[in-house]
Amino acid sequence: MYRYDEIDQRLVDERVRQFRDQTRRFLDGKLAEEEFRALRLRNGLYIQRYAPMLRIAIPYGLLTSHQLRKLAEISRRYDRGYGHFSTRQNLQLNWPRLHDVPDILAELATVQLHAIQTSGNCIRNVTTDHFAGVAPDEIVDSFVWCELIRQWSTFNPEFSYLPRKFKIAVNGAEKDRAAVGVHDIGLHAVRRSGSDPDFPGLGSDPDLPNEVGFRVLIGGGLGRTPMIGHVMREFLPWRHLLTYLEAILRVYNRHGRRDNIHKARIKILVKERGPERFREEIEAEWAELRDGPGTLTEAKVIEAQSRFTRPAYQEMGTDPVYFSAPAFLAWTKRNVHPHKVPGYAAVTLSLKKTGVPPGDVTSEQMDAIAGLAERYAFGELRVTHEQNLVLADVRAADLPGLWREARALGLATPNIGLLTNIISCPGGDFCALANAKSIPVAQAIQERFDDLDYLHDIGELDLNISGCINACGHHHVGHIGILGVDKNGEEWYQVEIGGNQGGTAASPASLGKVIGPSFARSDIPDVIGRLIECYLAHRDSEAERFVEVVHRIGVEPFKEHVYGNAHQGPPHRQREFIAA
Amino acid sequence: MATLIKGRRIVKESSLLHESQVVRLEPSDDPAAVADRIARAARVEVNFPKFGDGRGYSIARLLRERHGYRGELRAVGQVARDNLHFLERCGFDAFLLRDGEDPHEALRGFEDFSAAYQ
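Protein chains in written order, with this note's numbering: chain A, 49 to 628; chain B, 0 to 117.
Calculated from the structure, these hints are not laboratory results.
It should be emphasised that the depicted structure is a prediction, and the values quoted were computed from it without experimental measurement.
Worth double-checking, as some hints may not be accurate.
[Unchecked claim] Capping the alpha-carbon separation at 30 Å, the derived lysine-lysine pairs in DSS-like fashion look like this:
| hint | chain 1 | residue 1 | chain 2 | residue 2 |
| --- | --- | --- | --- | --- |
| 1 | A | Lys78 | B | Lys5 |
| 2 | A | Lys215 | B | Lys11 |
| 3 | A | Lys388 | A | Lys348 |
| 4 | A | Lys78 | B | Lys11 |
| 5 | A | Lys311 | B | Lys49 |
| 6 | A | Lys78 | B | Lys49 |
| 7 | A | Lys319 | B | Lys49 |
[Said to hold, decoys possible] Derived, one-sided and incomplete: chain B residues facing chain A with beta-carbon distance under 10 Å:
| hint | residue |
| --- | --- |
| 8 | Ala59 |
| 9 | Gly67 |
| 10 | Ala115 |
Ideal placement from N, C-alpha and C gives every residue a C-beta, glycine not left out.
This is chain B alone, in the form it adopts within the complex (with noise of 0.2 Å):
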């Protein structure tokens, strides 16, 4: 079963959202054209199919910048250890491990770096 990391913790699946409130975008999506759902949304997940997939970096700064969601922003899909600072860094709040990632070594990605220049 893979892990959930909310607020740089291991947390449990709390509450089952109604699928109306979750939406999920995979990398070719624009987020402009689901923005009334966002709007809406409790969730928004993002898909990294491949390790090396960047487009949902840029999908996440363009929700929390330019459509102003506030809500939990969930990274799934091939999510590592070696991600998750840039991940949260781009406006990620919640991230689901990828099978096989130790969830303690990865909690300690997120302090891989102590500054950043942007």
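So here's chain A without its partners, still in its complex pose (with noise of 0.2 Å):
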């Protein structure tokens, strides 16, 4: 659990005084819109298509129940009784209204809530892997490091107006469950050394610090311009994290472009200045910044690491649990994980339930939520970026329990990691930037796969959905990736195989490519089917992903199998070729 601290209270009680006093200059005039555009956003706040949005952070993914209880609260109180969950471990709401904000905010303050940074051309909130700190393969506690990154960029009076927006993700398990691939900065730990459990935020002996340290990548993202990251250090000794991280930002916000919002990226200045040179460039500026006042000494990493306290967790035998149930057994597949400690268990509770949009949870299930942490998780949980939610400590003996409640709660939909739990943004039903609706094209797919038999027999399949070429439901990383396009005023989905969001070495982040002209929505489930048909036809075993398969037979068997003769044009329906 997270330990806010007096100060981190008071600023963020300050925040929300400052921002009434904006939001009341606005109201009466005496603050240009555009101006106030750029002071809202950075408090989360858009103007969207029917209604303002309020995206609330939700620091690394970790929220209490209380917290939780809160949110509950607001989204009955000042919204329609629900909130969405995002990708990047954010909650939304989509109907505030705009004078209400400040008071929503100040609520959020009262439990130590916040939208500092959740938006806007600013460093915005970290984000992390939903295991950290249970996961069997950790490195280092990435809560540690997250932490360390907050302090240093909330309110960075440098780095305060950007040429763009700025993600940072941090991963500190071998295995990759952040998708450091595709961040302006990712972060993935490397240890050279046995780790210390008395000292989890430096992994190693605390003699030996510098056996610990990052593989630093710059310049990954989606978007218009979807781009892997560049490795610029594989090791940076953790000491030097901060330094190195300000002489990004500085190189960065001196000469990235501020003529073309579409341009203004750090992929793209990477990319014109080339890695190689743009990786002198921040040697250059670090050899200055270097071993000077922002360098991390062992006394800063133990006050973060002190900011989390672990559950009290008790010796608990690991037998097996006897309750044998076939739904319960699923279940325990798909969305039962492996934790550190012996005897416990991460739970993943789906919000991917057919008919209901991805990510999205009620008022009412919030609280019901709540409860469940509190009986089950020690009052914790953590919001992944795959639009989902994780009770982090579960003690393997209550997992049916547990199972029985969240399946009353419509939460055990037993498909994490497989085809069902898809990544969604709010898309056209919402959002102004859409071309396209996304949620009823999540809804298509799901109603047409709810067999889970299938489901399982078609095994780990990422399907992400995005609105418009922003890319929020990162189809670009998806092993299927479907696009939003407008076509003379119709909506089209361009669909994309191949997309990885990362997360071993064996199987790195990478980039889908279209498969070819896009299609009707009413189509899209015909042409999923098709795609799974094909993949089913080429696997070697059952444990040949289809991404793997993507990968390995490429493209083209796909398109034909979807396409029929390709060159003929389909069969029963016009369609529009969008190039990529």
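Hey, can you piece these two chains together into the complex? The hints should help.
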């Protein structure tokens, strides 16, 4: 659990006061629209298609049951009784009123929640692995490093008006569950010696602190110009983390393009300079900052580490749970994950039930989930970037009880890692930027693939949907990615395959390739069906996942299976070609 | 007439400096390229052509921390109440408010936050 201190509380309170004043000046006509825009965005407030949207930060995805109850109350009182968990571990409210927002922020501050830097051209709230601190493959506890970065980046005066938004992700385990390859900066912990359980932040003997460091990737990102980050350093010793970040941000702040919003992300600067020259610039700037006052010390790391309490685990055996209902076993197979403490497990509550927009929860569910967290998981939960919730510390013996309760709440769909665990942006139903709707597409696919046995047979498959090229639904890194496009005022959908959000050295991050002309919405379930048929026909065993088959045999066989003879065009429906 | 703030107080321009004593930097300027002139300057002005252009913040830190500049560091251009706190924290000590800003209300901007992480 995360502990806030007095300074955190004071800053959050002062931020509310500041924003209340800015909102008042805007409503009084004393603050220009464009300037208020820049100020409200860094408080998470968008003006959307039908109403404002407020993006509430869930730092590192870590949430207490107490905070979730407050979110339930706020969504009931100021919104329409639900919220949407986003791919950046945030919670979005879709229907707040502008003049209520200062009050909402004040309510949030009573439980140390806020919307600071969840949008705008600044360093966004840092994201990480939802199994941080409990994963058996942990290298370091990434929460500690996220906390250090949060303190460094929150209200950092130098980097408050960057050329564009800036996203940092930290992964502390062997397997990348934070998608570090598709962030402006991705940090993947590297350790060179054994870990010390008393010092999880460093992960190694404090006498040998330089054994822990980070592989630093820069310039990844999705959006209209998707790129995988370049490795700028294979090993950055932990002491230098913040000075190195400062060097990167300073070079970007000074030299990133400000003349064209579509070329303003750091990935474009890296591309225009070339990774080698960019690395030289970073290193030259860093040479001036290295070993300066921003250098981390053991004391600072220990302080950050002290912000996080671990539950009082009981010593338990690892006896198997004797409960063999098939539905329970299917759930344990997909939604229950290993834990580094014997006798405990991490559990994903699926927010991907068919018929419910991916990532949406009602106020009632929030209250009920808070109750589950209190009864089964020490009052703590996490938000995942796949838009689900995790109870990270569940006793194995409690799994059947948790499953029954979660199932009654519609939160036990056993589909984590499967095709129906769809990542989707809110799309044209809500978002002012969208070219097309995404939620109905997700629902149509979920309805089509509602046979659990078939789903489990298909195996692991990430299917991601974005309603426009801003790619909030991460379609570029879905094994199957769907992108809504506008063609003469009509909604069409382009399909990509072969993307991968990353994970292991054997299966690194990759971007999908478009299979061909786009489709009408009603065709999409059939198209997915054809892609799956092709996969099942080509896989060498059940162990070979969809994305691996795409990488092995290429896009062409899939394309032929979907379009028939590509040169003659589709048989029954006009299709438009949308250039990739 | 735009208001000048120095040391968190509204002041009048006290003495006219010779132009050789004033260096004016635009967001794209590199302080290192004019280090000689900065060393002799009595005032360095950094221009903020747009509200959302944050390059001047980095320039201020470089002037103070890398080039050891100790003289007056003045933010000019689109300098608004909502920027003052961060500008000051980056090393500015003089602020030429843009037209239309209420100077007394603007002074409160310095007190937006009473603590900082950095």
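* Hints not upheld, ascending by number -> 2, 9
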